[in-house]
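Turn these sequences into a full structure, and let the hints steer you where they fit.
The lines below spell out each chain.
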Amino acid sequence: MSGEDLRWRQQLARELTIRARAPASEVMTAAISFGGKARRIGITGPPGAGKSSLIGLLAKQWTERPSKVGVIAVDPTSPLSGGSLLGDRIRIDGVSTNSNLFIRSLPSGNTSDGLCPNILSLLDAFEQAAFDHVILETVGVGQVSYQAKTLVDTFVVVLVPESGDTVQAMKAGILELADIYVVNKADLPAATKIATELRSIALWRGRNESWVPPVILTSATENRGAAEFSEAIESHRKATLTEERVAALTIARREYVLRTLLVGQIDEFMARNRAGLQDASLAECFRILIAGLGERADVINKA
Amino acid sequence: MEKLRGKRIIIAKPGLDGHDAGAKIIALTLRDAGANVIYTGLRKSPDYIARVVIDEDADALGLSILSGSHNALVAATIECLRKFGGTDIKVFVGGTIPASDHEALKQLGVVAIYTAEMKLDHIVASLAEHLG
Amino acid sequence: MSLRNDLLEGTDGREPPLLRPETSSGIPLPEFLAGDGEEVPGEFPFTRGIFKNGYRGRLWTFRQYSGFGSAEETNERYKFLLANGSSGLSVALDLPTQCGYDPDDVMAIGEVGKVGVSMFSLAEAETVFSGIDLSKISTSFTINGTAAIIYAMYVAVADKTGVPRSALTGTIQNDILKEYVARGTWIFPVRPSMRLIADTILFSNEHTPRFNPISIAGAHVRDAGATAIEEMGYTLANGLAYVDELLRHKGDANSFAKRLSFFFYVHMDFFEEVAKFRAGRRLWAKLLKQRYGINDPKALMFRFGVVCGGSSLTGAQPYNNISRVAIETMAAVLGGAQSIFTCAYDEAYQIPTEFSAEIALRTQQIVAYESAIGKTVDPLGGSYFIEWLTDQMEKEIAKVIQQLEDYGGVEKAIEDGYPQMWIAQRALERKLKKDRGETVVVGENYFANQKDSAVDYGQVFKSDPSGEARIRSRLSALREKREHAKVVTTLDALEAAARAPDANLMPFLVECCHAYATVGEIVARLKSSWGEFSEPIRL
Chain A
1 MSGEDLRWRQ QLARELTIRA RAPASEVMTA AISFGGKARR IGITGPPGAG KSSLIGLLAK
61 QWTERPSKVG VIAVDPTSPL SGGSLLGDRI RIDGVSTNSN LFIRSLPSGN TSDGLCPNIL
121 SLLDAFEQAA FDHVILETVG VGQVSYQAKT LVDTFVVVLV PESGDTVQAM KAGILELADI
181 YVVNKADLPA ATKIATELRS IALWRGRNES WVPPVILTSA TENRGAAEFS EAIESHRKAT
241 LTEERVAALT IARREYVLRT LLVGQIDEFM ARNRAGLQDA SLAECFRILI AGLGERADVI
301 NKA
Chain B
1 MEKLRGKRII IAKPGLDGHD AGAKIIALTL RDAGANVIYT GLRKSPDYIA RVVIDEDADA
61 LGLSILSGSH NALVAATIEC LRKFGGTDIK VFVGGTIPAS DHEALKQLGV VAIYTAEMKL
121 DHIVASLAEH LG
Chain C
1 MSLRNDLLEG TDGREPPLLR PETSSGIPLP EFLAGDGEEV PGEFPFTRGI FKNGYRGRLW
61 TFRQYSGFGS AEETNERYKF LLANGSSGLS VALDLPTQCG YDPDDVMAIG EVGKVGVSMF
121 SLAEAETVFS GIDLSKISTS FTINGTAAII YAMYVAVADK TGVPRSALTG TIQNDILKEY
181 VARGTWIFPV RPSMRLIADT ILFSNEHTPR FNPISIAGAH VRDAGATAIE EMGYTLANGL
241 AYVDELLRHK GDANSFAKRL SFFFYVHMDF FEEVAKFRAG RRLWAKLLKQ RYGINDPKAL
301 MFRFGVVCGG SSLTGAQPYN NISRVAIETM AAVLGGAQSI FTCAYDEAYQ IPTEFSAEIA
361 LRTQQIVAYE SAIGKTVDPL GGSYFIEWLT DQMEKEIAKV IQQLEDYGGV EKAIEDGYPQ
421 MWIAQRALER KLKKDRGETV VVGENYFANQ KDSAVDYGQV FKSDPSGEAR IRSRLSALRE
481 KREHAKVVTT LDALEAAARA PDANLMPFLV ECCHAYATVG EIVARLKSSW GEFSEPIRL
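Residue numbers (the numbering used here), protein chains in the order written: chain A, 1 to 303; chain B, 1 to 132; chain C, 1 to 539.
A few of these clues could be false.
Lysine-lysine pairs mimicking DSS-like chemistry, simulated, CA-CA at most 27 Å apart [to be verified]: (1) C:K527 to A:K60; (2) C:K298 to C:K395; (3) C:K412 to A:K193; (4) A:K149 to A:K238.
FYI, nobody ran anything at the bench for these hints, they're computed from the structure.
Following this line, the structure appears as structure tokens:
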């Protein structure tokens, strides 16, 4: 590894840690960027879907161009211990020391949306380090995905045939958010069935949306789908670089930041005043809370 | 008790040793003590391990070696860490480490050596102390 | 360990007579006892033993530790053991050889010649067996990922020393499925590894019918954390997977089963161990009959060896391990093992000394000749308790096998990391139980000496500091001496065969060995055809 590579990597590593640990009010407000060079791709899906290996394939293709690829891999924090096993990065690239690839593993923490704190700021750090792509990997369960969609430019949902009635189970929810559907382990027999179901969902969505999400079949054992996958991401980028969409996403991200900051303040306040709030009536609690938040109005100094 | 809350710890198996029960036990235990743990799996080179430590900005690195090759592998890994600028990371070692090798490992910078009969509680407490 | 060995030097080498069929007070002992119409030893389903005359006909094999850093030292050691009456040799290989790396590979740093011999090419094998008549000895190789290559090397040595292949006896462990789960010397993905194993079995049927191409080990799973039930269940499931693979290659399950042997640990729960072996024998015979229609009794016999010790031994108050090993040896004998390896009391924390190795051997000899519990076959058979426990174990073991099948089979489970995950959980449970004092380990968590609680680990593996450099220079010398073109030709042919689904790779491997291709070179070609196993890390 060259001296220059080493330097920027060290810097980025430290920067990510600083941003991850800083209080939300300090880092989040500066992070609403859009139209930057780094293409943000969110990849989500149930555990066992093979997201990490797919990301590894994408990373391999893109870094060879060459382009710089960053990955933020989020794994759930154990509610019991507060600890976590961050197992994605080894699955993404457990072998080489590719100097164009940078992976940071993070626990989801105690956030209500299952995304690690200060996520926007972390994505932004890659932007500032001149990355071409940043991938956000999350476990697609409930709330997580909804928020993740706002934060990225292209949102991918990965499913596998073994999940049985995955499609049925997930109908209301992330399937409606996906910009691209990937059916992984497509060598398995049920893959075609799932792909067909997804295509009909995609068509149905296409009636109301300008982009009809493609369904990509991938398989590590058959070594197929990786190129189509990255092409689909590229197509989506081209199709959605409209002013309209940029504006909409900027608004959505601002709302995300606001909500995160507010919720964070509420959580903090309630934790600090648990005893006091216990005895008050609900209406009183509400008033105390609003007053308390009002006192914290200056916590954000930057616009 | 979440003694290791917030700490980022890598557990690695350098070289060719294939006995991973101990490494996995430690990884699970540290997770249960509140740490954010990355377990690298088998057969990782010192270079790769050091890279992971730096990129993940880990607080500590645990090397598990039961093949007797700890001296060479620990030295190589610490050298890679130094090369990549990671001198403030606390390195600890687990496995079948003869008493006669402890001093040399400490000289290399290893902060603690944990062997199989030590209680998991003690290991967590000891690590918590080292990581401050 | 020096060659000066009081163990054999001091004794006159006489062997005791076969066990006399009477108690020490003179009561004549029947070969076995059974109720009317009840099961007898030597008959399907062999719960009570595979031989009607048990240990009266032949005692179990006493296996001894061996394995030294360099090929020359190993050769000297073997000549010594041979001169003193052993005819069975155990060869341990170093990790680079086991994992398919040459001594100069970056992954081999610090590991060359450490836990065994560096047998990176035929030249090294020729040194190990120099001056030894392969037709007169039986060699057991603890080798798995590169088993087919080492086997090919052994055959090549026989070829070069004029020994007919059909005269070769011995074993290669060659049990890749457990590697993925508990021992870690895997190389290729599961499918091609299974194909390679089928190739070795078919080849040995034809060319080395007295050489056992596989020894299925449950031991490592147990040592890694699995329970006795899981140990047997997982092992039998693997066994069935190998039979299935052989059948896919149109092999003969009957002749395969006749030569199959298994390998387990014996831990401290005495009756559970006995019942485990009895249940294993019964279940294996039943499964082979049910699933494959095998009826030949010889093919239904469950032959197994054991290791007494392993993770049941402690570093604290190590002399206690002598008692432990003695108890475990008795369980193994009452369970009907065909070979027993007894760990030395200090094995957990250092290389056994001559003193401790001698005690380990004497332990077996004391159980064999003094306690003489082997005089009657399956003496515990018929006990209400043992029969009940055997039934329970059989039921639970069958459940484990079914669980793996329900998952989609052993191969799929391994690729997904399912058994690996469950074993890690077990290992953690086991450790926590010890830490909490729920499991009693005398001298460790109870009755420990207040004064000396730390275990004083010594060198666990012998290493010759100059060894690695010397071995690497031998590799360079070999590369210069050998005929390069021939190496390439044989490797090319191997690679082509590897890509062809129906070719048996063994003859190609033998040719590569004859050309002095190295283990690393051979493995590299196979990797380019098959890829590498990607470890599914699930915790």
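A quick look at each hint next to the structure:
The hinted pair formed by K527 (chain C) and K60 (chain A) meets the criterion: a straight-line CA distance of about 20 Å does not exceed 27 Å. Proposed proximity of K298 (chain C) and K395 (chain C) is supported: the alpha carbons are some 24 Å apart, at most 27 Å. The straight-line distance between the Cα atoms of K412 (chain C) and K193 (chain A) is roughly 22 Å, inside the 27 Å bound, and the hint therefore holds. Restraint check for K149 (chain A) and K238 (chain A): the C-alpha separation of about 18 Å stays at or below 27 Å, so the hint holds.
The structure agrees with every numbered hint stated previously.
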